[in-house]
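Line by line, the protein sequences are chains G and A. Counting from 1, position 15 in the first sequence corresponds to residue 232 in the numbering used here; the numbering is continuous, with no gaps. Counting from 1, position 103 in the second sequence corresponds to residue 128 in the numbering used here; the numbering is continuous, with no gaps.
Read the hints as simulated data drawn from the structure, not as lab findings. Computed from a predicted model, the values in this text were never measured in an experiment. Watch out, some of these pointers could steer you wrong.
Derived contacts from chain G toward chain A, CB cut-off under 7 Å, selection only [said to hold, decoys possible]:
| no. | residue |
| --- | --- |
| 1 | 229 |
| 2 | 246 |
| 3 | 257 |
| 4 | 260 |
| 5 | 324 |
The calculated label-pair distances, taken between Cβ atoms and stated as ranges, are [stated by the list, open to error]:
| no. | chain 1 | residue 1 | chain 2 | residue 2 | range |
| --- | --- | --- | --- | --- | --- |
| 6 | A | 140 | G | 332 | 39 to 47 Å |
| 7 | G | 232 | A | 86 | 25 to 33 Å |
| 8 | A | 88 | G | 256 | 41 to 49 Å |
| 9 | G | 332 | A | 82 | 44 to 52 Å |
| 10 | G | 225 | A | 137 | 19 to 27 Å |
Each computed BS3-like pair below joins lysine-lysine, with the alpha-carbon atoms no more than 27 Å apart [to be verified]:
| no. | chain 1 | residue 1 | chain 2 | residue 2 |
| --- | --- | --- | --- | --- |
| 11 | G | 319 | A | 80 |
| 12 | A | 66 | G | 324 |
| 13 | A | 39 | A | 66 |
| 14 | A | 66 | A | 80 |
| 15 | G | 319 | A | 39 |
| 16 | G | 269 | G | 324 |
| 17 | G | 319 | G | 220 |
| 18 | G | 319 | A | 89 |
| 19 | A | 89 | G | 324 |
Every residue gets a Cβ at the ideal spot worked out from N, C-alpha and C, and that includes glycine.
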Amino acid sequence: DAKTTQPTSMDCAEGRAANLPCNHSTISGNEYVYWYRQIHSQGPQYIIHGLKNNETNEMASLIITEDRKSSTLILPHATLRDTAVYYCIVRVSSNSGGSNYKLTFGKGTLLTVNP
Amino acid sequence: GAVVSQHPSRVICKSGTSVKIECRSLDFQATTMFWYRQFPKQSLMLMATSNEGSKATYEQGVEKDKFLINHASLTLSTLTVTSAHPEDSSFYICSARDFGREKGYNEQFFGPGTRLTVL
């Protein structure tokens with residue numbers, strides 16, 4: 218998997234948008250950008266993923282730059298329950314076959330939402 | 026999304042004993058399951074990939090004889106930590122892939138984790 222670079226930690230005020238950046242300058246053309254988060258002492262939770270177009274779901278929005286070398290996860294209205302470690306991962310789609318579909322976790326970004 | 030359960034959620038055992046952790050996909054069939062380990066303040070580290078009906082594939086540095094993985098059905102994989110020692114104390118998390126999903130859909134779901142403490 219291509220490596221990703223994320224800030225170690227970020228703070229955000231409750232109710233404001235949280236913008237979490239991720240650099241993945243060596244991403245390959247067939248690799249997707251996935252975002253997961255892990256609340257303390259729980260298993261990771263899927264948030265969103267995308268290939269080249271911006272994506273939005275009920276949890277967040279994913280903005281991918283045109284050259285696909287970086288992306289930003291946006292939580293539009295952060296709440297205290299969004300405090301977690303957020304992981305940005307790039308990998309091929311599982312339908313591509315082969316053994317390179319494993320999710321490899323980096324250190325992520327600890328997002329702390331403050332009241 | 027699909028649900029993955031783990032049992033037990035927490036276990037404390039004496040050094041030298043073996044501990045079995047179960048991972049179940051509750052509403053989908055998982056031909057592939059993954060086992061991760063997470064030490065305090067560290068990220069998840071993949072231990073092994075488990076395929077139903079075949080031997081697990083272990084990551085480099087993971088002892089296959091110590092961490093026994095069985096994936097006998099499409100909804101159950103087990104991880105047995107044999108002769109556990111205090112350094113095996115960790116948070117063990119399983120993940121399951123759902124091949125029934127459409128292409129491009131999120132297809133890997135995580136369990137809630139099992140906290141193992143070896144005294």
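Against the structure, the hints:
1. 229: At about 21 Å, which exceeds the 7 Å cut-off, the nearest Cβ of chain A leaves the hint on residue 229 of chain G violated.
2. 246: Because about 15 Å separates residue 246 of chain G from the closest Cβ in chain A, which is outside the 7 Å limit, the hint is violated.
3. 257: It is violated, given that the least Cβ distance between residue 257 of chain G and chain A is near 10 Å, above 7 Å.
4. 260: holds (4 Å)
5. 324: Holds, because the Cβ-Cβ distance from residue 324 of chain G to chain A comes to roughly 5 Å (cut-off 7 Å).
6. A/140 to G/332: 39 to 47 Å: Because 28 Å falls outside the window, the suggested range is violated.
7. G/232 to A/86: 25 to 33 Å: The hinted range 25 to 33 Å is violated for residue 232 of chain G and residue 86 of chain A, with Cβ atoms some 44 Å apart.
8. A/88 to G/256: 41 to 49 Å: violated (30 Å)
9. G/332 to A/82: 44 to 52 Å: Hint holds: Cβ distance 45 Å, inside 44 to 52 Å.
10. G/225 to A/137: 19 to 27 Å: Taking Cβ atoms as reference, residue 225 of chain G and residue 137 of chain A lie about 25 Å apart, which means the hint holds.
11. G/319 to A/80: holds (17 Å)
12. A/66 to G/324: holds (9 Å)
13. A/39 to A/66: holds (24 Å)
14. A/66 to A/80: violated (31 Å)
15. G/319 to A/39: It is violated: about 33 Å lies between the C-alpha atoms, which goes past 27 Å.
16. G/269 to G/324: holds (24 Å)
17. G/319 to G/220: holds (13 Å)
18. G/319 to A/89: Holds, at about 19 Å.
19. A/89 to G/324: holds (25 Å)
When held up to the earlier numbered hints, the structure conflicts with 1, 2, 3, 6, 7, 8, 14, 15 and fits the remainder.
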